[in-house]
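Student: The lines below spell out each chain.
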Amino acid sequence: MTRGRFLFVLACIGALVAAVETLRSPDVSAAVVAASMLATTLRFATPLTLGALAGMFCERSGVANIAIEGMMLSAAFGAFIVAAMTRSLAAGVVAGMVVGATMALLHAWLSVTLRVDQIVSGTVINIMAAGVTGFLSTEVVRRKAIEGAGLLPAWRVPVLSDLPVVGPIFQQQPIAWATLALVIGAHFVLFRTVWGLRVRAVGELPRAAHAAGISVQQTRYAAVMVGGAIAGIGGAYFTLEAVPVFEPMMTNGRGFIALAALIFGGWTPAGAWVASLLFAAANALHINAQQFGIPVPSQIVGMFPYVLTIVILAGAIGRVTPPAAVGQPYVPD
Amino acid sequence: MPPERPGAVVRLDAVLVPVLAIATALALGGVILWAAGPRFEGSYLGIGFVAEAYLSLLEGAFGSRAAIVDTTLRTVPYVFSGLAVMLAFRGGLFNIGAEGQLTVGALAAAWAGFSLDLPAIIHLPVVLAAGCLAGAVWGGVAGLLKARTGAHEVITTIMLNYIGGQLASYLLNGPLRDRSPLNVIAQTPKIAEGARLPDLLPGLHAGVLLAGIVAMVTWFIVWKTTTGFELRMVGANADAAAYAGVNVVRRMTWALGVSGLLAGLAGAVQVAGVNYRSTLGFNIGYGFDSIAIALLGRNTVSGVVLSSVLFAALRTGATKLQFRTQVSADIISVIQALVLLLVAAEQIVRWLYRLRAADAVTQAPEDGATAAIPPSPAGGEG
Numbered sequence: 001m002t003r004g005r006f007l008f009v010l011a012c013i014g015a016l017v018a019a020v021e022t023l024r025s026p027d028v029s030a031a032v033v034a035a036s037m038l039a040t041t042l043r044f045a046t047p048l049t050l051g052a053l054a055g056m057f058c059e060r061s062g063v064a065n066i067a068i069e070g071m072m073l074s075a076a077f078g079a080f081i082v083a084a085m086t087r088s089l090a091a092g093v094v095a096g097m098v099v100g101a102t103m104a105l106l107h108a109w110l111s112v113t114l115r116v117d118q119i120v121s122g123t124v125i126n127i128m129a130a131g132v133t134g135f136l137s138t139e140v141v142r143r144k145a146i147e148g149a150g151l152l153p154a155w156r157v158p159v160l161s162d163l164p165v166v167g168p169i170f171q172q173q174p175i176a177w178a179t180l181a182l183v184i185g186a187h188f189v190l191f192r193t194v195w196g197l198r199v200r201a202v203g204e205l206p207r208a209a210h211a212a213g214i215s216v217q218q219t220r221y222a223a224v225m226v227g228g229a230i231a232g233i234g235g236a237y238f239t240l241e242a243v244p245v246f247e248p249m250m251t252n253g254r255g256f257i258a259l260a261a262l263i264f265g266g267w268t269p270a271g272a273w274v275a276s277l278l279f280a281a282a283n284a285l286h287i288n289a290q291q292f293g294i295p296v297p298s299q300i301v302g303m304f305p306y307v308l309t310i311v312i313l314a315g316a317i318g319r320v321t322p323p324a325a326v327g328q329p330y331v332p333d
Numbered sequence: 001m002p003p004e005r006p007g008a009v010v011r012l013d014a015v016l017v018p019v020l021a022i023a024t025a026l027a028l029g030g031v032i033l034w035a036a037g038p039r040f041e042g043s044y045l046g047i048g049f050v051a052e053a054y055l056s057l058l059e060g061a062f063g064s065r066a067a068i069v070d071t072t073l074r075t076v077p078y079v080f081s082g083l084a085v086m087l088a089f090r091g092g093l094f095n096i097g098a099e100g101q102l103t104v105g106a107l108a109a110a111w112a113g114f115s116l117d118l119p120a121i122i123h124l125p126v127v128l129a130a131g132c133l134a135g136a137v138w139g140g141v142a143g144l145l146k147a148r149t150g151a152h153e154v155i156t157t158i159m160l161n162y163i164g165g166q167l168a169s170y171l172l173n174g175p176l177r178d179r180s181p182l183n184v185i186a187q188t189p190k191i192a193e194g195a196r197l198p199d200l201l202p203g204l205h206a207g208v209l210l211a212g213i214v215a216m217v218t219w220f221i222v223w224k225t226t227t228g229f230e231l232r233m234v235g236a237n238a239d240a241a242a243y244a245g246v247n248v249v250r251r252m253t254w255a256l257g258v259s260g261l262l263a264g265l266a267g268a269v270q271v272a273g274v275n276y277r278s279t280l281g282f283n284i285g286y287g288f289d290s291i292a293i294a295l296l297g298r299n300t301v302s303g304v305v306l307s308s309v310l311f312a313a314l315r316t317g318a319t320k321l322q323f324r325t326q327v328s329a330d331i332i333s334v335i336q337a338l339v340l341l342l343v344a345a346e347q348i349v350r351w352l353y354r355l356r357a358a359d360a361v362t363q364a365p366e367d368g369a370t371a372a373i374p375p376s377p378a379g380g381e382g
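Chains as they are written, first to last, in the numbering used here: chain A, 1 to 333; chain B, 1 to 382.
One chain only, chain B, in its complex shape (with noise of 0.2 Å):
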């Protein structure tokens, strides 16, 4: 891209604000492991302990083709989740319930998996759509809400997660549990052979290509539609786009709604391409790290997935880093709350590189709007 197109510093500033939080993420990761291990005792005073941690997770990460496998397996709710929490956003709506979405997803797509009887090639997108349909519910219970009576998406999404987590619970110790004799834990029996997702290659489920085809669309929808636009409008300033002429109530239930979609078909593919049920508590860590993926990539499509494949590296990796330096892998937990604070408080990464401050583009403070979306002019599609 030449150097003289506006928008293309702002394009340069958004990708390199990011890449240094997450390494400055790192290194602060670095010293608490360094501090977990031997310290002055290891080699090179403990700094090659830390090595060893790093390589480790990048080893168990992307080290062999059953690693990348892995990785790639966990990218894709990733993406899915991310996107949800993204698409809120946009709308200036806080979807904190990915997680519970993600659950009553998984329970839809389970129960329609293994309860109905139906040809192969209408069984898995049936099992996919109840998914969607769970998770689309979830949401857009909170964005109704939202729009009609005032009621802060911040909290009734964490309420409906604690909600679905009841449900989760009832019903898998109870109406769907596996009765099968040789089953002792919460969860329900496999879904037919026909409701799953079909191998790409060995151990890499369809649910990839999905994830892609899903990404796309996002982007279509929230950049080149009407509706995308209303959206980015009520998101910018809702009393502004009423006197537009939008219909903001019914745009915030369907923002809240769709990304309720989106992460319910992250659990459906879960249950249809990798665990063939739903388990209790598979889901847990999906919400916080869904907003930390959708934070990191700025709200665009591209970062949400580039986000999504680090996290998935980093949660991957974290097995064997346990299993080589016998560091809790928890300490991938601390290193993404760390990313996430230099990603929300970018100006902390400013003053340590010594950057210059963002244009005004990217910088308006709005009253009460989320700073965290740039308000993008040309510069900003992703």
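This is chain A alone, in the form it adopts within the complex (with noise of 0.2 Å):
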């Protein structure tokens, strides 16, 4: 990501922080505002941020992925009720990961084996996500009644946590904690490690990746189930960190709001990052703007982000290049 580019972040998250500080009605508090803003900006920024590292290593490697709505739904039902036959929510986790990586087995099976369109194989994924989580949620979750196992505790930084304004930063959960760290992982692992330089190889030119000897299939099977796993874990956050209970059709689009995040980041997972915390200021001020009164529709604020991903898409803010192999099904000679 650009230096201008994360400039203009900064400046909108900050635009987004002072227009509910001053619509806010008198009643409530600036601290408790802008408290209240840091707060669920850096936790909506979860999902949104794993989604986009999960797009990365997908399209890093040439596999265009749409699908991640799909692999997060699949996963947040998988963790939901793995935690709730359990009561283990560490297992839900886990079983988020494996439904995620599994979900994006089915991708890499289609996109790269059987080389169907990466895109028409991306919507098959989410619509049999939608299908069969919504199917299942009617047959099992709502006729055996099965309750949830709760949400993941707050992990709270000694200190820090204590401070005023800045005070709740620092009391996230343990999917917001890991995330932060992913974010720092997939940095090193992609631009540290031969693996990841692998990666981005058959993601740029696989045909002299092929002459080098790199498997193009192996690393593009890998690296999309890597993707997968780590949708896994934002799937666990809808229904193990952000509520307690299963909702068809609960990702609510996220998926696809980490796809931009991913493409304005720059296929970047530090780009990746700040663009979703952009996101999720904007998704914070509409769920601010509700609880203190502010005098704009919901709904119209509630367009916010989906108008700043088109806006951000159409190259408002400067182009990026994405890998150049993605979307092409490798043929071997």
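Hints may be right or wrong, so weigh each one.
Stated by the list, open to error - Part of the chain A face toward chain B, derived, beta carbon under 10 Å: (1) L110; (2) M128; (3) A129; (4) G131; (5) F135; (6) S137; (7) R142; (8) R143; (9) I146; (10) G150; (11) L151; (12) P153; (13) I294; (14) P295; (15) S298.
What the hints assert, rightly or not - Non-contacting residues of chain B with respect to chain A, defined by C-beta distances greater than 12 Å in every case (computed): (16) V214; (17) Y243; (18) G285; (19) V343.
As the list claims (entries may be wrong) - Derived DEER-like restraints, expressed as beta-carbon distance ranges: (20) R87(A) - R324(B): 49 to 57 Å; (21) I121(B) - K144(A): 17 to 25 Å; (22) P181(B) - Q290(A): 23 to 31 Å.
The hints are simulated quantities; they were obtained by calculation from the structure and are not laboratory data.
Ideal placement from N, C-alpha and C gives every residue a C-beta, glycine not left out.
These two chains come separately, so use the hints to put the complex back together.
Tutor: As structure tokens, then:
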């Protein structure tokens, strides 16, 4: 992410916080509003960042991924049901990763092995995730009256979490903390390891990678499935960290916004994270608008993240270059 | 058709694969129904339950005059929105936004229907045109952005779906809400009598005729006009089309605009023919369904019409299936997803039924181009 774009994001987030500050009803204190904006922004950024990282591994290897939404939705369901059955939240998170990776395996099989158009493959996965989770949530969850296993508890950083205004930032739940670690980890893996180099090679110039002795197909399978597992953690966020229930279609387009964050962030982990923060701030504005009595219809504020996505994709803030081989199936000679 | 004509084999193949995909998906759906039923307890080890479920599905879709009318009424919006996705596909564009375009089309049509005071003879056309216009704008924006800036239409159309949803929620709870004291839900007032589509038969509005006409016009435009030829050129290879002198920016905007127009018309016809108003949330699921319809119909007009009938029958019959067997009607979404999977990855079907690989004509792998569109020579017209 270029410096200009980074500054744009910071300015946008600042403007959003300021907008809530000026429009809030007078009986709410400024410190409460600022604290709430910062804390909700960081929380909402969690699934977006994870979705963007998932898409990053996939697309860096040359496989377009519009199936992040479906992977997260099915993982949200898998995490919920396993956590409820075992009464273990940790098992739920693991189940989310397994479900996410399994959906990714399907995506890889369709688009790498069978060479189905990658956008069509992604659409198939999204529709399948919506259909299967909808069916299972009425047939299994509602019929058997399955109770959720609750939410992951917040981990507080001593001292820092007691600070005024910025304190809430330092009381996050485990997946939110893990997300920050994953951003750093993903950067390291992608740019500092041999495997990361291979992933980027098969996504930029698969023929050259093949000539250098790298298996394009295997590398793509691995990258897509690593992405799927990360999307699975993002899915677990919905049912184990945000709300303790599963609702049909509960990911509500977050997977697509994550994809936009990935593009805006220039297919880098840090860029994707910063872009996710921006979208999350727009979403936090929507939530806080209702909470703090801002005199604009909530639906109009609610359009904001989506309009922002379109504006950003349209390249209003500069263009970025996708991995060269994205969308192209590799046919070995 | 004599078998020696080139293209005849391709044509048979183009029908066989979707039909086998549907059959396989129904068989797999049967396994799921079996698992949701009494399993080994029921008659014939639970297979009787599956048979009963599918029979009730069939009965619910075609078992009576009322059922057939219901299925036909459901087919109509599917034809419009399926054609919408198909037309964009032919131009190499993936319109996932049919749902949003349908929403704004319905809003605009309802608004024109209840707020304007026009003589009956022009009121109905105005209502339909309002729906078309709103849908065309919603789709055209995505087309223009794609053509001018490269913003991927998959994401922009999805974002426009959410924006359309928020807009509908705002308008139907606010400015356009039916203020009569009896109304408790987010919907517009009913449209004027003169703005409604007349009935052909009791309960069956004239939108059926309109769907047939629009299907034929779409076929004509895509296959028999210069515009349609340019559209298909852009879809096959945008760079080559540009080199050949096609205005790609204009053609892409046109493609998603007309695609949106058709989806908007679907919404308008629902308002003018069925609901007589726009209600929040009535359109949920149309976006996904219409993509499935276009893919199953292999992006041909006749395929879209047949797939629309199939999907309408499944959705209509699902109510009876749920009533009889207590299995959630969502099973239809699962079957639909399986159909789509098997149509998209037709190698699975070919492998299952030991069909030989398709001719090079229908299988040519292209870099980045939408493989779901068979680059059609003589055989692929529909």
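Student: Hint by hint, say whether it matches the structure.
Tutor: Checked hints:
Below 10 Å, beta-carbon pairs count as interface contacts, and L110(A) has one with chain B at about 5 Å; its hint therefore holds. Interface restraint check: M128(A) against chain B, minimum CB-CB distance 4 Å, threshold 10 Å, status holds. Restraint check, A129(A) versus chain B: the minimum CB separation of about 8 Å is within 10 Å; hint holds. The interface hint given for G131(A) holds, since its Cβ lies 3 Å from the closest Cβ of chain B, which is under the 10 Å cut-off.
The criterion of a C-beta within 10 Å of any C-beta in chain B is met by F135(A), whose closest approach is roughly 4 Å, and the hint holds. At its closest, the beta carbon of S137(A) sits 8 Å from a beta carbon of chain B; the interface hint therefore holds under the 10 Å criterion. For R142(A), the shortest C-beta to C-beta distance to chain B is roughly 9 Å, which falls under 10 Å, so the interface hint holds. With its C-beta approaching chain B no nearer than about 8 Å, R143(A) sits inside the 10 Å limit, and its interface hint holds.
Nearest Cβ of chain B to the Cβ of I146(A): about 15 Å, over the 10 Å cut. The hint is violated. With a least beta-carbon distance of about 26 Å to chain B, the hint placing G150(A) at the interface is violated under the 10 Å criterion. Violation of the interface hint for L151(A) is found here, the shortest Cβ-Cβ separation to chain B being roughly 26 Å, above the 10 Å cut-off. The interface hint given for P153(A) is violated, since its Cβ lies 32 Å from the closest Cβ of chain B, which is over the 10 Å cut-off.
Interface restraint check for I294(A): the shortest CB-CB distance to chain B comes to about 15 Å, outside 10 Å, so the restraint is violated. A hinted interface residue such as P295(A) counts as satisfied when its beta carbon comes closer than 10 Å to some beta carbon of chain B; here the least separation is about 14 Å, so the hint is violated. With 10 Å as the threshold, the beta carbon of S298(A) comes within range of chain B, its nearest partner Cβ sitting at about 8 Å, so the hint holds. At roughly 24 Å from the closest C-beta of chain A, the C-beta of V214(B) stays outside 12 Å, upholding its exclusion from the interface.
Against chain A, the non-interface label of Y243(B) holds: every CB pair exceeds 12 Å, the least being about 21 Å. A Cβ of chain A approaches the Cβ of G285(B) within 12 Å, the least distance being about 9 Å, so the stated non-interface status is violated. The claim that V343(B) lies off the interface is violated: its Cβ sits roughly 9 Å from the closest Cβ of chain A, which falls inside the 12 Å cut-off. For R87(A) paired with R324(B), a C-beta distance near 36 Å fails the hint of 49 to 57 Å.
Checking the proposed 17 to 25 Å range against I121(B) and K144(A) shows it is violated: the Cβ atoms sit about 58 Å from each other. Taken as a hint, the range 23 to 31 Å holds for the pair P181(B) and Q290(A), whose Cβ atoms sit roughly 27 Å apart.
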